[in-house]
Structures are given as structure tokens and as C-alpha cells.
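Chemist: One-letter residues, chain by chain:
Protein chains: 2
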Amino acid sequence: MAEYIESLRLLAEKFGRLEGVGRKTAMRMAFSVLELEEEDARAFAQAIIDAKEKIHLCPICQNLTDREVCPICSDEERDRSLICVVSDARTVMAMEKVREFRGVYHVLHGLISPMNGVTPDKLKIRELLARVGEGEVSEVIVATNPTVEGEATAMYLSKLLHPLGVRVTRLAYGVPVGADLEYADEITLFRALEGRRDV
Amino acid sequence: MAEYIESLRLLAEKFGRLEGVGRKTAMRMAFSVLELEEEDARAFAQAIIDAKEKIHLCPICQNLTDREVCPICSDEERDRSLICVVSDARTVMAMEKVREFRGVYHVLHGLISPMNGVTPDKLKIRELLARVGEGEVSEVIVATNPTVEGEATAMYLSKLLHPLGVRVTRLAYGVPVGADLEYADEITLFRALEGRRDV
Chain A
1 MAEYIESLRL LAEKFGRLEG VGRKTAMRMA FSVLELEEED ARAFAQAIID AKEKIHLCPI
61 CQNLTDREVC PICSDEERDR SLICVVSDAR TVMAMEKVRE FRGVYHVLHG LISPMNGVTP
121 DKLKIRELLA RVGEGEVSEV IVATNPTVEG EATAMYLSKL LHPLGVRVTR LAYGVPVGAD
181 LEYADEITLF RALEGRRDV
Chain B
1001 MAEYIESLRL LAEKFGRLEG VGRKTAMRMA FSVLELEEED ARAFAQAIID AKEKIHLCPI
1061 CQNLTDREVC PICSDEERDR SLICVVSDAR TVMAMEKVRE FRGVYHVLHG LISPMNGVTP
1121 DKLKIRELLA RVGEGEVSEV IVATNPTVEG EATAMYLSKL LHPLGVRVTR LAYGVPVGAD
1181 LEYADEITLF RALEGRRDV
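Protein sequences, first through last, are from chains A and B.
Residues in the first sequence are numbered consecutively from 1, following the numbering used here.
Residues in the second sequence are numbered consecutively from 1001, following the numbering used here.
Hints should not be assumed to be uniformly reliable.
Listed next, the in silico DSS-like pairs over lysine-lysine satisfying Cα-Cα at most 25 Å (straight line) [stated by the list, open to error]: (1) A:Lys54 <-> B:Lys1024; (2) B:Lys1054 <-> B:Lys1097; (3) B:Lys1024 <-> A:Lys97; (4) B:Lys1054 <-> A:Lys24; (5) B:Lys1122 <-> B:Lys1054.
Since the hints were made in silico from the structure, they are not lab data.
If we strip away everything but chain A, and leave its shape as in the complex, we get (with noise of 0.2 Å):
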């Protein structure tokens, strides 16, 4: 039947190309866009485009805003002269939702993966080393994560900011709060041990 009506076939086309989102997902959504008032759905396309036009990149950390420069940036209680660096926008949010943080941030847009062709150039390095070079910073937390292109991200990073004279740190590994041991993996429970703290 989809094969039928074009107008929602082409709506769950779109659905589909959002991350994460399969097919019978994507179906599922666009069916569920026929249920919505009419006035509503014309707010969801609204949402849409202003959210596109809207959002763009803080000319300092990078992360995405609506404002000119981004509401951490501008906040002059924050520490300056302590950068957290991140793969991307969503895990400024997790690490903002501890409350504890109280640097600034840097968004990279992206991990090191030749793989997938993404190469250093293509992401906010040049901008994260021109910030570290006006000599404000002190410590640059690297927060990628601890896969394969996090730790050769991080790698490469700290390569390129240990010479600009900054204390460059990482996230400590360990054993998930409330996991369970059994379930752990041997490098997490390595890792745990390699880490392990006086109590």
C-alpha cells in the first residue's frame, strides 16, 4: 500500500535519512504524522526550518547556538583556562546535565576515522589549537569516547597540545556506576584495576 501513496512514501524517505532511524521506523513515523491536527503538522515543518536556519556554530567553541556566541561561552563565570573537548554537541549536553563542569568547552564535529574519510583537517582542530595558542588555557580535558578513533583522537591531540605548554588530561576509565561486575568486559575491569583508588 505504500507503493501506493506517494505523499507518504516520500515522507518516510525523509524520516529514514535521519540518523538511527530504519525503515519500518520511518514508516511508522510518517503514519503517525497523518494522525496529527493539521495545525500541528504545519508547526513540525516550521520546527524544521527555523531550526535549520536558526542554529549555527559558536564562532569560539564551536557547539551548535542560536545566539551569536553560545550562552557557555558568554558566561563570564565560567573557567576559561579549562577546555573540555568533545566529539560533538550531544555530549556537551550530558556533560552539562553533571552541573559539576564549570570550563568551557570545545566541539570537534567529529572523531579521527580514516576509515570513514574523516581525516583531522576535517574537523574544529585548527580552531581548538588557535584557542589553546592565545595562552588563557591551562588544561585541555580531552572527553572523547573510549573507542578506537576516541583514543586515537585523543592521541593525536595531546601530540598537538603538549608543546603549547597545557596539562592535557583524559576521562578515567572504570566500571560503570550501578553496573554490574559480571557483566563487564575484561578491558573495562583492566581498566578498572589499572585505575584503581585508595578508599
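Assemble chain B onto chain A, guided by the hints.
Modeler: The following block gives chain B in isolation, referenced to the frame of chain A:
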């Protein structure tokens, strides 16, 4: 950060209104829209408006369509004496994939569920009775889900349809093809036993 970017929060909220989309998925999708090309985002927005504007209910079977009468109802080769009653348009899609059913459909747009405020008058039952009342129909297959609501709706329909002199049938219960009996629930096994056939 989501709280800082109003247009992103708004877009995530719209995604969150779709069936089966939780808060986290909605936010992931909103971010995903930002990664689309400007042109693709506009096409996405337009697809929502188009689908909503062009798709309506077929006046005969109540299925979704972008034509005056849906392709199944206008297909001269389909058997109009056999109506398969389903709860929603997605079930029509699933049935059509079988390519075995040559009758026509009737979409109820829901199942009777007084707990959720869905009384029989909210469904397309009146339209079904009108179709059957025209006298051309000999059998109605009630293909509602094997759930409490599906059963209740099937029972309700059979009581209304029997006096009209049509045969009312229900899909067979049993173990799904390819399933492992070890994991089948007892009610399904009981129904499969009950409906056993000679080989």
C-alpha cells in the same frame, strides 16, 4: 544545552509527539535534522505538509489514500464479496505483502477500548455495516489483533454482522512460522493445539 537552544528544543518536542518516540530519540532526531543539507531539510518540511494535505480516507474502505477512491477499491479484479476488517492502515500494508488475499478491506481506525475512551461509535463500524447492507458481501474476515481489544471488537462486529446474513470469520491462531516452541506462550500453544489439523 537543549534548554539554551529554543528552536532545537521545539523541534525535539515535535518529534516527541510522534507515536513511539521518546524524549531521547526525539532529541537525537532533532540533532540529526541539523546535519541535513538546507535543501533536504526544506524537502522534509514540505513532505510533512504534502502528506497531511494530500492523504485522506477512501470513502469506501476508509483506508488512507491520495486518490479519490483507493487503488484497492478501484481495482476491478478484487473480490468485493470478501471484506477483510482491520484496525489500521498499517495492517492493510502487512496483508497486501502476503499477495494472497484478493478481497477488499475495511479499516476501522482503532479497536474498541472503553478504558481508553474508544467506544464503537468512534470507529468506522457504521460505514462497514452500510457496505455489508448493500448485499454484495458474502464473508467478512475480522483480522484484528489477537489482544483483548482485538477480541472484543471481533465479538462486537460478529454480533452486528450475523443478522445481516454474512459469514464472519477470524484469522487462525497458532504458533508463528519459524518460531521456537520452547518460547511460545501457553495461550498460543493452547490455541495451536485446539486448532490442530490433519497432515
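Chemist: Compare the structure with each hint and give your call.
Modeler: Hints and how they fare:
1. A:Lys54 <-> B:Lys1024: Between Lys54 of chain A and Lys1024 of chain B the Cα gap is close to 22 Å, so the pair holds against 25 Å.
2. B:Lys1054 <-> B:Lys1097: Holds, at about 24 Å.
3. B:Lys1024 <-> A:Lys97: Roughly 14 Å separates the two Cα atoms, so the pair holds.
4. B:Lys1054 <-> A:Lys24: holds, 22 Å
5. B:Lys1122 <-> B:Lys1054: holds, 23 Å
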